[in-house]
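J.: Using the hints, put the two chains back together into the complex; each one sits in its own frame.
Listed below, chain by chain, are the residues.
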Amino acid sequence: MASLFEASAAATPARRRRPLPAYVIILMVIGAVLVLNALLAPWLAPFDPDTTRLLRRLRPPSWLGGPSESWFGTDQLGRDLLSRCIYGLRTSLGIALVGTLIGCAVGTTIGLISGYLGRAVDTVLMMLVDIQIALPYLLLVLVGIAVLGTDLSVLILLISLHSWENYARLVRGQVLAVRALPYIEASEALGASTIRILFRHVLPNIASPLLVMLTLNFPAILLLESSLSFLGIGVQPPTASLGRMVGEGRHQMLAAWWLVVAPAALILMVTLTAQLLGDWLRDRLDVKTEK
Amino acid sequence: MSAQPLIAAEAVTKEFPLQGSMLPWRAHRFTAVENVSIAIAPGEVLGLVGESASGKSTLGRILLGLIQPSAGTVRFRGTDLRAIGGGERRAMRRALQIIFQDPYASLDPRLTIGAIVREGLDIHGIGAPGARDVKVAHLLGRVGLDAGFARRYPHELSGGQRQRVGIARALAVEPTFIVGDEPVSALDVSIRGQILALLAELRRSMGLSMLLISHDIGAISQLSDRIAVLYAGRMIEIGSRSQVLRTPRHPYTRALLAAIPVPDPSRRRAPPPALTDGASASPDRAGCVFAPRCPHVRPACTGSVPPLTVLESGHGTACLLQDELPPAA
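Taken in sequence, the protein lines are chains Z and V. Residue 104 in my numbering sits at position 104 of the first sequence; the count goes up by one each step and never skips. Residue 293 in my numbering sits at position 2 of the second sequence; the count goes up by one each step and never skips.
The following block holds chain V by itself, in its conformation from the complex (with noise of 0.2 Å):
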């Protein structure tokens, strides 16, 4: 981490303004993101772990500047995105993609695949005009897809197939970064492998950095080197992979550590530690807000919001009973 981090957010927090006031001032807010920081160093996955609504997607979204942050800064290469102007917002463009989960509505259904994949390249005018689909030929083969494959309509592939167009797309405009939100959970298992492992080998032979996003901590945590959960907004555990898997310090990551299926009738788990059915779409942000669900909630936790206490070690926990709490299962 002492190197400069390709992309970076500071305290970045988003507010989406909800229904139901005649006065945009006045209007409900929804607090998608709180005060979250996370860097992200060239060449680094980090699995970012989260239930639904717990603003993962838009996070990866106010990382690629495709959405504006209500609060904070997102740094890439060390300059703010906001500052970025011109020839150089293109070139952030090219460097920041996405990939996403659903491989039905992420491929327009009028386009061939072949004018999908070369999208990129004709937007940057990357190669001269006649080369661009020999270029799109290769990015198939790279995502393991037959050249055939470019004169044929999306309805036409399944859905691994369609997932490995996606993919090719995002590689056309030569990224550095890349989101991927939830890019196997639409999938079946079997081709869930082979996404990962081809995720695995291009960031392996192209240097990539990953933002991987996941409800399923398993699904993504054999590709990730640091994970990050997420929990209402707030970011309230990170470390690396072992530290997060294995010492997990925040009742929340324990719990859904917990919950990972064993596919083995014959080993049984320690039941996972109970939790309250106290889920809110909006908590009360005054406090920790995972404290209503929490089975070790005490009345301090309802008080304060918990900071990210971040070890020697580079493991964070936003607990204040982090040292209290015994020792994982």
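So here's chain Z without its partners, still in its complex pose (with noise of 0.2 Å):
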């Protein structure tokens, strides 16, 4: 994805000396402070997170005359809500990460083949996309979990299900209007191979509505992950993440309603910042050098 940032830079001079909204990059700041919370998880978190002290159960945060040493309190089993949200911060952000990645790969490979190949192959591959799109998704994750368990890798693979027909319907549409153009039959006459003129030539050329539909799709994903967890059929106890500790920690709404509010804002911080960060690349890649 760098060098294809790199090329587009390159290819637009003028562009590249436009600065960049303030409110983007408030955005881009908060979005790297998230991210390096999950990656270092270990180091920031003040506690393990799933170490219960049952005489400290569901103390108030800090600076509402909590204990010194937990900021955002305890949940019902002593936990310190810091450390757990720190944690599920990570579980949510690499699940949803790694869950929109294999989704987008899935499908881009999908809508590739079938709008370069065409014909019978075309018609099997929409037709796989039409039936996803007519399966209820939710009764599919709950079947799916039923017969191949509640395991991390499970859910992840659930979750990478949920969008790949978008990819696929969306790389289809553009590989048919890429493919007739004269530069992909000049490979053609050059003798390329199929391999070569897809990831050459096709898929560079559509990575910009593609780059835009990950990064829309990305909070999806998000809250996706989150209300599974939140429902229960997602990660399971005692591993943390943001859905589940809002799951938990409704039942304490009344009395310790900060176990709650925590992970939904995380939760909010998150998926607002992708959504704000790709409607900007939208439009910002909307207008660009097509000619």
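Note that these hints are calculated values from the structure, not bench results. Watch out, some of these pointers could steer you wrong.
A partial selection of chain Z residues facing chain V, derived with a Cβ cut-off under 10 Å [unchecked claim]:
#: 1; residue: Ala22
#: 2; residue: Tyr23
#: 3; residue: Ile25
A partial selection of chain Z residues facing chain V, derived with a Cβ cut-off under 10 Å [stated by the list, open to error]:
#: 4; residue: Gly31
#: 5; residue: Pro61
#: 6; residue: Gln76
#: 7; residue: Gly78
#: 8; residue: Arg169
#: 9; residue: Leu181
#: 10; residue: Pro182
#: 11; residue: Glu185
#: 12; residue: Ala186
#: 13; residue: Glu188
#: 14; residue: Thr194
#: 15; residue: Arg196
#: 16; residue: Asn205
#: 17; residue: Pro209
#: 18; residue: Leu210
Here are some chain Z residues the structure puts well away from chain V; computed CB gaps all over 10 Å [what the hints assert, rightly or not]:
#: 19; residue: Gly65
#: 20; residue: Ser187
#: 21; residue: Leu231
#: 22; residue: Pro238
#: 23; residue: Gln275
Ideal placement from N, C-alpha and C gives every residue a C-beta, glycine not left out.
T.: Shown next, in the form of structure tokens:
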């Protein structure tokens, strides 16, 4: 992806000098802080997130009169909420990122093959897409978990199934538009292999809409993981995930509101940041130098 | 024509299915090229003229092996293109190249000029990898571009420069036959002359055979040894440049020639023969396809397909009335 950015930046020297809007810089800083938090969780978290201390249950945050070592307070098992938030962020971001990337890779590959080869292959693959769209996704997840178990890898697999069909459709449409262009035919005349044409000529030229879709899809996947965990069919205890923490905390909502508010605020921050950055990226790439 | 032709199409036909029917075998078909035979000798330049949708580009791509004909065969140095496999196929892909009309869409906007020209070298493993950039610089020089262009992107170049890049890309793999699909139609008149001169020079120095496709008979006539005229997918006239330009025998060719503007206000030609506006994308193929527009049409014209009758001079025409028509204006 980095090389694509460089290529488009080099191709538009005038655009490169345009400064980033202030809100984008702020969003990027927030995004970087969140990602760093997730990456450095073992060093940043003040306590082990799974260590229970039953004598210190449901303490409020330190700035509301709670124990001075627990800034966000403790949960119903006496675990440090700040540590759990940091680890929960790590789990949720990780699952969402891997799920998004797998879904994107699968969908893109299918879209490329479908659009470029056409004919019967296209018909069959698009039929698969239609089936996926027609299937109630939640039902698919429930059946998948019932059959395959609640392992984390199963969850990631099921989450990555969520939106591959969107990528497949987008990419297929883009491929149909690009493949008719003479430069593709020129490569065919030179004897380029299908793989070479797809990855050297087609993919870089459809990367912009794909990149935008990726950034806009990421928050949706993160919310999906949170919802599944909230319902109890996602990440399993004792592992912390933002959605699970909201789900567990809701029983103590009146007594210890911070248990819900802290992870929910994090979910909001992550999805809003990704969504706004994606919107900005789409606006910026939309007017791209087609000619 | 006694020597073996470099590339020859034998009675090729290409039909495209049209949308509109659920059952593929009952779909309507559009006949792009019908029963066309054409042979191009080594070093020969053949001009292919016709209006939009007359099948010119389809015929060109069939000759290159980029489109499979629905019927008929294409032979490259005597061997059927479809029978070629493996290493020979790679050699064939090197030998047959194409230059496009649109200099904007024919270059990948994400690649540098150097990468575009180099692609053929990489695909066919021509030269040591380290030496290929030198070869690219040499190729750019060959088409009249500075070696510094290799680092630029297509959008930084003018139309004429891009067209030169397209030519350099085709030349990189040392082809023997190039199809120029409207190679100068999208260019300014001044640039057009430069590109045509470049093509003429390359042909002289490299012994290239070419098929030059154009809707404008004037644009390519200087460069062509022979000229073929296509109408609605059928070849209606073929002959040497002087035969087709000076003594056209088909009413359509005559109308085409009469339509060339003369850049001299004091000289006025006779008004072009009145063509009826009966043009149709899929005319009745049982008879002469030009009959609906022909000023000389007779009842016999719609009954059977006029065969391409070739005179001893090599001048061929597909018109029932060719011997009865008044001499060309």
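J.: Next step is simple, just say for each hint if it's right about the structure.
T.: Tested hints:
{"no.": "1", "hint": "Ala22", "verdict": "30 Å, violated"}
{"no.": "2", "hint": "Tyr23", "verdict": "29 Å, violated"}
{"no.": "3", "hint": "Ile25", "verdict": "27 Å, violated"}
{"no.": "4", "hint": "Gly31", "verdict": "27 Å, violated"}
{"no.": "5", "hint": "Pro61", "verdict": "51 Å, violated"}
{"no.": "6", "hint": "Gln76", "verdict": "55 Å, violated"}
{"no.": "7", "hint": "Gly78", "verdict": "56 Å, violated"}
{"no.": "8", "hint": "Arg169", "verdict": "20 Å, violated"}
{"no.": "9", "hint": "Leu181", "verdict": "5 Å, holds"}
{"no.": "10", "hint": "Pro182", "verdict": "4 Å, holds"}
{"no.": "11", "hint": "Glu185", "verdict": "7 Å, holds"}
{"no.": "12", "hint": "Ala186", "verdict": "6 Å, holds"}
{"no.": "13", "hint": "Glu188", "verdict": "6 Å, holds"}
{"no.": "14", "hint": "Thr194", "verdict": "12 Å, violated"}
{"no.": "15", "hint": "Arg196", "verdict": "7 Å, holds"}
{"no.": "16", "hint": "Asn205", "verdict": "6 Å, holds"}
{"no.": "17", "hint": "Pro209", "verdict": "14 Å, violated"}
{"no.": "18", "hint": "Leu210", "verdict": "13 Å, violated"}
{"no.": "19", "hint": "Gly65", "verdict": "60 Å, holds"}
{"no.": "20", "hint": "Ser187", "verdict": "7 Å, violated"}
{"no.": "21", "hint": "Leu231", "verdict": "44 Å, holds"}
{"no.": "22", "hint": "Pro238", "verdict": "48 Å, holds"}
{"no.": "23", "hint": "Gln275", "verdict": "28 Å, holds"}
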